[in-house]
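Engineer: Now for the letters of each chain:
Protein chains: 2
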Amino acid sequence: MTASRIGVLVSGNGSNLDALLSASRRGDLPEIALVLANVAGCRALSRAEEARVPARFLDPRAAPSREAYDEALAAELGEARIDLVCLAGFMRLVGRPLLERFAGRVLNIHPSLLPAFPGLHAPRQAVAAGVRVSGCTVHFVDAGLDTGAVIAQAAVPVQLDDTEESLAARILEQEHRLFPAAAAWVARGEVALEAGRARWRSPPQRAEGAIACPRTDRP
Amino acid sequence: MTASRIGVLVSGNGSNLDALLSASRRGDLPEIALVLANVAGCRALSRAEEARVPARFLDPRAAPSREAYDEALAAELGEARIDLVCLAGFMRLVGRPLLERFAGRVLNIHPSLLPAFPGLHAPRQAVAAGVRVSGCTVHFVDAGLDTGAVIAQAAVPVQLDDTEESLAARILEQEHRLFPAAAAWVARGEVALEAGRARWRSPPQRAEGAIACPRTDRP
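Line by line, the protein sequences give chains A and B. Read in this note's numbering, the first sequence has 117 at position 35, and its numbers run on one by one without any break. Read in this note's numbering, the second sequence has 263 at position 181, and its numbers run on one by one without any break.
Bound-form chain A, shown alone (with noise of 0.2 Å):
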């Protein structure tokens, strides 16, 4: 596929779409086209309104259930001729009304090195765990929580006096790298889902670019 219209749906502070609406306006991604959110007023959705892009608050109580408000999302997207739609920070799961008439076109971000530490809090998990390597996912979106085919992962340390707030930022630098390169790659029919893989077109000596450890720290 190749894509020509964004939609990105957001819940939160909307670093990850700032990092979005930068590679558009340098040319490395398609036009972010609509912005819908799901909570009123989010910090997401004023940065869409100073980047003057269309941007909407869906309430979700406005719906009277889950596969309803998945249905009001997919129309404004079609309505808005979308044709990726990335997840940055949305804080809920999409259902099959949204992944059906959106099939392989829309990519999520998740702060851990998939499939270790799915859900929410995933840094406050890595912290907990003890591990010492962790990372972000972009991903295409399926039914599960976090469960889809991996597009592009990042890997970061994570160091022995880390809090959940220290690792998340370390992370989220990396996602604001990886979520537009991963998103151009989509967009230009790079990779697409196939039979629930990320398939690519090009030679693997691309996609090694798939991959960046952003520290070399030698014992």
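Hints were generated in silico from the structure; no laboratory data involved. Yeah, the Cβ is synthetic: ideal placement off N, Cα and C, and Gly gets one too. Incorrect hints may have been included.
Unchecked claim - Restraint ranges, calculated between C-beta atoms of paired labels, are given here: (1) B:Gly278 / A:Pro146: 43 to 51 Å; (2) B:Arg281 / A:Ser97: 29 to 37 Å; (3) A:Arg138 / B:Pro200: 39 to 47 Å; (4) A:Ala277 / B:Ala251: 23 to 31 Å; (5) B:Gly160 / A:Glu276: 50 to 58 Å; (6) A:Gly271 / B:Arg87: 57 to 65 Å.
With chain A fixed as given, assemble chain B onto it according to the hints.
Structural biologist: Just chain B, lined up with the frame of chain A:
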């Protein structure tokens, strides 16, 4: 703790044993004083013999039970006054008799970034899962399967054309670097098992060495 005599348990090729032997010869690690194998004639045994390290096959079938085999291992290690036990590709769960006698003094290396991909064939699991980052983990051994407290991890990229073999080889390079380093930290008392966690004596910045990402490929 500080350790002065290391015992190594092996089952197979013994390339991690070789890395430990080299580190010991360089003076980076205490003496490797005993090598025990649960597989007759494995390559690791001949490597130990070439290095003139006492090495012995202990036949699991000669032990009436799993516990009895564990007790036999513990007895041999105890007789050799071993104070740090390294599992270097030892394809067998070690049980309470050994873990109690060598509490906090048994280390294992596993070819994944735990908690991802515990158990057998970790590189195969990683390739099948389609992740883009994997690595290896040195951890204190507990009674679970690859569940003990993490000491050190190193990350490697997974490339799109990787097979189980090519990924395992890339991870193995890091194992050879990481295992001697982590064993030395434990032997010098820089890190110890306390209440199920790896506790570091040295200031946090010292432990940045606990991660290494061998390459940086930026998208």
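Engineer: Now, for every hint given, state plainly whether the structure supports it.
Structural biologist: Now for the hints, and whether the structure bears them out:
1. B:Gly278 / A:Pro146: 43 to 51 Å: 48 Å, holds
2. B:Arg281 / A:Ser97: 29 to 37 Å: Given range 29 to 37 Å: holds, Cβ gap about 34 Å.
3. A:Arg138 / B:Pro200: 39 to 47 Å: Since Arg138 (chain A) and Pro200 (chain B) have Cβ atoms about 44 Å apart, the given range 39 to 47 Å holds.
4. A:Ala277 / B:Ala251: 23 to 31 Å: 28 Å, holds
5. B:Gly160 / A:Glu276: 50 to 58 Å: With a Cβ separation near 56 Å, Gly160 (chain B) and Glu276 (chain A) satisfy 50 to 58 Å, so the hint holds.
6. A:Gly271 / B:Arg87: 57 to 65 Å: At roughly 59 Å between Cβ atoms, Arg87 (chain B) and Gly271 (chain A) fall inside 57 to 65 Å, so the hint holds.
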